[in-house]
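Produce the complete structure using the sequences and hints provided.
Residue numbers (the working numbering): 5 to 119.
Just so you know, the hints here were simulated from the structure itself, not pulled from any lab data.
Taking lysine-lysine and the DSSO-like style, the derived pairs with C-alpha atoms no more than 27 Å apart in a straight line are: (1) Lys98 to Lys16; (2) Lys93 to Lys30; (3) Lys16 to Lys30; (4) Lys78 to Lys93; (5) Lys30 to Lys78; (6) Lys61 to Lys93; (7) Lys14 to Lys93; (8) Lys16 to Lys93; (9) Lys61 to Lys14; (10) Lys98 to Lys61; (11) Lys61 to Lys16; (12) Lys30 to Lys14; (13) Lys78 to Lys16; (14) Lys98 to Lys30; (15) Lys61 to Lys30; (16) Lys78 to Lys98.
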Amino acid sequence: MIIQLDENTKIKDIEEEFSLFFPFLKVELHPLGGWKESHKSDTLEVYGDMSAVQLGKLLRDEFFLIANVFKKCKDQWTEITDEGNLSLKEQNEKGRNESGVNEETHYGDYLESEI
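In structure tokens:
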């Protein structure tokens with residue numbers, strides 16, 4: 005998942021984009037002091053093989069955002085802690101299974117291709 009950041013990017017935009025790519029995960033972002041100044045023109049790259057811990061570190065260190073990542077479990081959102089460092093893709097599939105959804109998530113539908 006690649007998100008182009010600019011001066012008009014809002015935290016909610018990033019949260020929504022994340023949910024499009026990982027429909028059984030949700031991220032809640034909270035800005036630190038340098039958020040506004042840090043993203044005038046930048047790219048946020050999130051990969052399915054990253055863990056929630058790695059995502060949190062990337063967002064904190066590079067974009068001055070604190071991230072809480074949640075996994076869908078039936079009708080509730082459960083915060084992901086360590087859980088053996090499962091990847092975001094694995095967490096998303098786990099959330100899909102725990103929610104009783106039978107269709108498989110096709111990540112190729114969400115990948116940006118090079119022209």
